[in-house]
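Enquirer: So the chains spell out like this:
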Amino acid sequence: MWQAFVDLIHQLIPWFDGGLADVVIILIKGVALILPLIIMMAYMTYAERKVIGYMQLRIGPNRVGPFGLLQPFADVLKMMFKEIIFPSKANIYLFILAPILAFVPAIAIWAVIPMGDGFYITNLDVSLLYVLAIGSVGVYGIILAGWASNSKYPLLGALRSASMLVSYEIVIGFVVVTVVMVSSSVNLNTIVADQSGGIWNWYWIPLFPMMIVFWISALAETNRAPFDVVEGESEIVGGTHVEYSGMCFALFFMAEYINMIMMAVLAVLMFFGGWHSPFEGVPYLESWFAFVPDIVWLLAKMSFFLFLYLWIRATFPRYRYDQIMRLCWKVFLPLTIIWIFAVALMTQLEIGPWF
Amino acid sequence: MFKKAKKLVKDFGLSEIRAGMKITAKQLVTDKITVQFPEERTPISPRFRGLHALRRYPNGEERCIACKLCEAVCPANAITIESEVSDDGTRRTTQYDIDLFKCIFCGFCEEACPVDAIVETHIFDYAFESREGSIIDKEGLLAIGDENEKAINKARLEDSKYR
Numbered sequence: 000m001w002q003a004f005v006d007l008i009h010q011l012i013p014w015f016d017g018g019l020a021d022v023v024i025i026l027i028k029g030v031a032l033i034l035p036l037i038i039m040m041a042y043m044t045y046a047e048r049k050v051i052g053y054m055q056l057r058i059g060p061n062r063v064g065p066f067g068l069l070q071p072f073a074d075v076l077k078m079m080f081k082e083i084i085f086p087s088k089a090n091i092y093l094f095i096l097a098p099i100l101a102f103v104p105a106i107a108i109w110a111v112i113p114m115g116d117g118f119y120i121t122n123l124d125v126s127l128l129y130v131l132a133i134g135s136v137g138v139y140g141i142i143l144a145g146w147a148s149n150s151k152y153p154l155l156g157a158l159r160s161a162s163m164l165v166s167y168e169i170v171i172g173f174v175v176v177t178v179v180m181v182s183s184s185v186n187l188n189t190i191v192a193d194q195s196g197g198i199w200n201w202y203w204i205p206l207f208p209m210m211i212v213f214w215i216s217a218l219a220e221t222n223r224a225p226f227d228v229v230e231g232e233s234e235i236v237g238g239t240h241v242e243y244s245g246m247c248f249a250l251f252f253m254a255e256y257i258n259m260i261m262m263a264v265l266a267v268l269m270f271f272g273g274w275h276s277p278f279e280g281v282p283y284l285e286s287w288f289a290f291v292p293d294i295v296w297l298l299a300k301m302s303f304f305l306f307l308y309l310w311i312r313a314t315f316p317r318y319r320y321d322q323i324m325r326l327c328w329k330v331f332l333p334l335t336i337i338w339i340f341a342v343a344l345m346t347q348l349e350i351g352p353w354f
Numbered sequence: 000m001f002k003k004a005k006k007l008v009k010d011f012g013l014s015e016i017r018a019g020m021k022i023t024a025k026q027l028v029t030d031k032i033t034v035q036f037p038e039e040r041t042p043i044s045p046r047f048r049g050l051h052a053l054r055r056y057p058n059g060e061e062r063c064i065a066c067k068l069c070e071a072v073c074p075a076n077a078i079t080i081e082s083e084v085s086d087d088g089t090r091r092t093t094q095y096d097i098d099l100f101k102c103i104f105c106g107f108c109e110e111a112c113p114v115d116a117i118v119e120t121h122i123f124d125y126a127f128e129s130r131e132g133s134i135i136d137k138e139g140l141l142a143i144g145d146e147n148e149k150a151i152n153k154a155r156l157e158d159s160k161y162r
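If you read the sequences in order, they're chains Y and W. Read in numbering that gives the first Met the number 0, the first sequence has 149 at position 150, and its numbers run on one by one without any break. Read in numbering that gives the first Met the number 0, the second sequence has 50 at position 51, and its numbers run on one by one without any break.
Bear in mind the hints are in silico, worked out from the structure with no lab data behind them. Every value quoted in this text rests on a predicted model; they were computed, and no experiment measured them. Treat the hints loosely; a few may be bogus.
[As the list claims (entries may be wrong)] Here are the simulated DSS-like cross-link-like pairs (lysine-lysine), alpha carbons at most 27 Å apart as the crow flies:
(1) W:101 / W:137
(2) Y:329 / W:3
(3) Y:151 / Y:88
(4) W:149 / W:160
(5) W:67 / W:153
(6) W:25 / W:9
(7) Y:329 / W:9
(8) W:5 / Y:329
(9) W:137 / W:149
(10) Y:329 / W:2
(11) W:5 / W:21
(12) W:6 / W:21
(13) W:153 / W:137
(14) Y:329 / W:6
(15) W:3 / W:21
Make a model of the complete structure from these sequences and hints.
Expert: Encoded structure:
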């Protein structure tokens, strides 16, 4: 059906030997990805308020629409009509550039994320490296926001985020190395294809400690509680967001939530078999669940990780800054390096059923 | 040595983290204690002291005899009373103002009143839209009393056992 659609576009727009038609098709693909993503992000905010509310014995938003389901749209409307205030001594160009620099990489990463078997925008051969590279660019948004605001608290938040994100990126890099060693590929499609054949073939079993390290680092990478020292409401008011209002603030917010969804999907792709059904190879269950499309499995696993984000946020108090650094450099980094050696030995000596 | 190893296993087994997350997971499914205010209300004691009201006798006659005891006892000087002799020879108020910004809701006016005219109702969720709105005059107080006579009477009745 998709091929028929592509042919139709080529027939309708024959200019430049189909070059223009290709651009249009890429645009359509992009919109088809970004729209559901933004709606997912909007409902992520709703889910966050609801889940955390329930965990604190409250009810959460329930005024707008049934069960408060229209709350995200009310928030969007409010944000759109709010005035964007520029601090008088701020560098306005950087001030506007910062939210864009935070938001664009968050969206750009999704170009290589496979959502199902052959269901992606581009099949990049180095997609895992692309994810790491583009993910790092998002840090600039926060640092620029802190600098351009020309204010004390944003600068403090930016300083905190700069060193924290860089440190935890190293850990994530090492974790990714173990995944790459096991699957011997940097292509996300190949990594997921490698994990086919039921729940026992997924990488979370051989790489269980790495999965936990990855997840905790992912919390730090996305500036979520208990690692949200960048915002630190109780210490530095709102960190880098202090001077931002209206849509500029909303862009930061959206970038954060889209990054959260991205990290959840990445965890699923690398450790939980991507779009593969957990019942593959199980005698009866496999045929019973054969009708479920593969994207549903991906979304279901992803939802669990997104729930984990909220669960962790509702449970733990914020880390002190030096403890965050200690956890990264003195615990995670040695652990990952040891595990890299262990995985290297196991793959070379062919120990264990997974290598 | 053994103690150290035990702590290492405990730390890397994330035992504290798992314990914490178990608690929040339990809270997630327990009944919520939120009272959804405009629709649901918490119980109120019959002695609750809220917005003031002036009462009437069942035949429609004003209870207030302008004795000014409430004005005298009011610690915040929130009550202002003017009175004159009415056509039937009784003493009646011509002005009875309560400034709600001054009032501290101590309930002394209610205690002082010999005829149970000024009372404090259970109304606590009121608002004014202008600065002058804080002063309720006699008509306003009587209107509140007429509107809530049933509730006021019930609260007095419930509390009478303990007085």
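Enquirer: Each hint needs a verdict: does it hold in this structure or not?
Expert: Taking the hints in turn, this is what the structure says about them:
Between residue 101 (chain W) and residue 137 (chain W) the alpha-carbon distance is near 17 Å, which keeps this suggested pair within the 27 Å criterion. Distance restraint check for residue 329 (chain Y) and residue 3 (chain W): the Cα-Cα separation of roughly 17 Å lies within the 27 Å cut-off, and the hinted pair is therefore satisfied. Using a Cα cut-off of 27 Å, the hinted pair residue 151 (chain Y) and residue 88 (chain Y) holds, with the two alpha carbons roughly 12 Å apart. Between residue 149 (chain W) and residue 160 (chain W) the CA atoms are separated by roughly 18 Å; this keeps the pair inside 27 Å, and the hint holds.
Using a Cα cut-off of 27 Å, the hinted pair residue 67 (chain W) and residue 153 (chain W) holds, with the two alpha carbons roughly 26 Å apart. Of the supplied pair hints, the one linking residue 25 (chain W) and residue 9 (chain W) holds, its CA atoms being roughly 22 Å apart against a limit of 27 Å. Note on residue 329 (chain Y) and residue 9 (chain W): the hinted pairing holds, with a Cα-Cα distance of about 17 Å set against a maximum of 27 Å. In summary, the hint linking residue 5 (chain W) to residue 329 (chain Y) is supported, as the alpha carbons are separated by about 19 Å, within the 27 Å threshold.
A distance of roughly 20 Å separates the Cα atoms of residue 137 (chain W) and residue 149 (chain W); the hinted pair therefore holds under the 27 Å criterion. In summary, the hint linking residue 329 (chain Y) to residue 2 (chain W) is supported, as the alpha carbons are separated by about 21 Å, within the 27 Å threshold. Taking the CA atoms of residue 5 (chain W) and residue 21 (chain W), the gap is about 22 Å. The hint holds against a cut of 27 Å. Of the pairs offered as hints, the one joining residue 6 (chain W) and residue 21 (chain W) holds, with about 20 Å between alpha carbons and a cut-off of 27 Å not exceeded.
A C-alpha spacing of about 23 Å is found between residue 153 (chain W) and residue 137 (chain W), which places the hinted pair at or below 27 Å, so the restraint holds. Of the supplied pair hints, the one linking residue 329 (chain Y) and residue 6 (chain W) holds, its CA atoms being roughly 16 Å apart against a limit of 27 Å. Annotation: proposed proximity of residue 3 (chain W) to residue 21 (chain W) holds, straight-line Cα distance about 26 Å (limit 27 Å).
In this structure, every one of the numbered hints holds.
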